[in-house]
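Student: Listed below are the residues making up each chain.
Protein chains: 2
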Amino acid sequence: MKATSDDSISAPGGKSSGARGPSALCQLLGVSQPVIQGGMVWCTNAALVTAVGRAGGLGTLGSGSMYPEELRAEIASVQEAFDGRFAVNVPLLYPAAEQHMQTIVDAGVPVVITSAGSPKKWTSFLKEHGVTVLHVISSAVFAEKSQAAGVDAVIAEGFEAGGHNGREETTTLCLVPEVVAAVDVPVVAAGGISCGRSMMAAMALGAAGVQMGSRFVATQECPAHDKFKAHVLAAQAGATKLRLKSVTPVRMLDNVSGGFSHLVAEAEARSAGVEELREILGKGRAKQGMRGGDLLEGELEIGQVSARLHDIPSAGEVVRDVVAEFEQVRAALASPSFHW
Amino acid sequence: MKATSDDSISAPGGKSSGARGPSALCQLLGVSQPVIQGGMVWCTNAALVTAVGRAGGLGTLGSGSMYPEELRAEIASVQEAFDGRFAVNVPLLYPAAEQHMQTIVDAGVPVVITSAGSPKKWTSFLKEHGVTVLHVISSAVFAEKSQAAGVDAVIAEGFEAGGHNGREETTTLCLVPEVVAAVDVPVVAAGGISCGRSMMAAMALGAAGVQMGSRFVATQECPAHDKFKAHVLAAQAGATKLRLKSVTPVRMLDNVSGGFSHLVAEAEARSAGVEELREILGKGRAKQGMRGGDLLEGELEIGQVSARLHDIPSAGEVVRDVVAEFEQVRAALASPSFHW
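These protein sequence lines are chains A and B, in that order. Residue numbers for the first sequence follow our numbering, beginning at 1 and rising by one. Residue numbers for the second sequence follow our numbering, beginning at 341 and rising by one.
One thing to keep in mind: the hints can contain errors.
Claimed, not checked - Think about it this way: if two alpha-carbon atoms lie no more than 30 Å apart in a straight line, the pair counts; the simulated DSS-like pairs of lysine-lysine are:
#, chain 1, residue 1, chain 2, residue 2
1, B, K461, B, K567
2, B, K581, A, K241
3, B, K585, A, K245
4, B, K485, B, K461
5, A, K145, B, K581
6, A, K227, A, K245
7, A, K283, A, K120
8, B, K585, B, K485
9, A, K120, A, K145
10, B, K585, B, K567
11, B, K585, A, K241
12, B, K581, A, K245
13, B, K567, B, K623
14, A, K145, A, K227
15, B, K485, B, K467
16, B, K623, B, K460
17, A, K287, A, K241
18, B, K467, A, K241
Honestly, the hints are just simulated from the structure, not real lab data.
My request is simple: use the sequences and hints to build the entire structure.
Tutor: See the structure below:
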């Protein structure tokens, strides 16, 4: 590996190209910090997105849990409160994806993060409307397909991330350098990142920036229920597991004793079929858990870093503290006193 | 996080203590580079350990796959070829553990890495004989127990690591900072590390050094069968999975079509009981696969980073290249051109 003239940490064996480091990512996104707040279902609103944007990061509305009129209203609220850039996340397999895309271009949303589907379907449409497009992937193969589809950057999300997740189970530490070596576009790291040290780890692996979901769930502005937030703070190592692999893999937090996750675990232990698992899952559990605060019957999606979260700061503080800690770690690692 | 006067990257909320950075770890281990070659079953011998030691790292004999007389002979070979420090890994649940411990103190082995069992049982005995003791853990709770048992350092091994693995499924990125915050002793990161960038990621998380297993399997000196090494190089993302969770979780590589891993996957998909899984596992499959090169019937243990391995260098080159790349990444991250 050679230090390159651009600001990226290039990957040995990787394709070299123009700048795709944090500076290039910030320019692409139109923000001052290479920090993206993930578009988590049931856990985003205009207040969160605005707070992140005001602190210099990229706030993201998670449209996967919004009706079309709700998304329109939240976008309008962001635009009223804040004149900077923000994003909307669209899980492509969601029924309202097509309506959401029209809402997005009509409202002039500057950045879209697509996930859970093929980047081929909407990238051209969005690019034609001047939208910057990022796609979430869990393997180098999907990163290459995303690049071929014309996305501006990819978000490489590891096994430790909350919510829906890839079948390869590749962790962020293994995934990011592989993706950096496979594509030329900027790579954003996601999964397992909640602080300046993990942001520095991601940058060392060649990422141009980070996306954090769980860390922003545990903030004052996040519209998740206080009971869910408290349950997240109480989570210990091993409290989240990737479940429903035969349906669609999702990392969820253990419910209180006898609750939903325990039913799923019990059904999976006896190899229940996809149909039975779908029936156990039913409808509306994610809202019930994360927005409604039902810790028994609700589905609670969060990442492994929940075990490392111990406070509920404001979202702006998260952005500022993570970047400040990143700079401190950077200085410590560069210091002559860090030696052997 | 403040840059401390010692050489460690301290964890916010973590216990601060004396130096426990890479310099302290090198001093503790008596080596010049904070790089440990893991004591992988069936994949170590005196030649590998000596090559790692000569390059400045800590080579480790994996006694978990050795008869007592074999371990004695390998230790003698190392001591004949090389006058520096090296280690023996002892999985504590292995039947020969007690005999191995006597062999180790009789031969004056300077460092022991214990794993797969309670650190209470042997730490005092080893320390009384002047042996430096490291224990492998997969959670902060076990790190605390190890520290209480008197170990000199812990090795925090994440979900992506090959071979036997923790039930919490915590990835290296999430595990290392949690362990660094929980204990005062130096923390070595393991799992997902194969290059200077991942070494830098581990250091950014607060680790004092790294342990690599898979990377050293794919070396010239490693006594694994050439067919196994070639199969490791051919591995793609998703080719390793954590299996046999109900027996004892082990990350293994897919066999060739219709082989052992596929039988296990099929049995697990129909929730086969522990007894049946033990029967499928049988005896001697790890040797058959990794040493014998039987890609159909053998058990093939390797980490997720196998997807990132593309060559078979000498073990000395691995140590030198990883450290050199680490220094290049360090310089690039510290450079004014890395900015936004």
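Student: State the violated hints by number, sorted upward, taking the hints as numbered earlier in the document.
Tutor: The structure breaks hints 1, 14 and 18; every other hint is satisfied.
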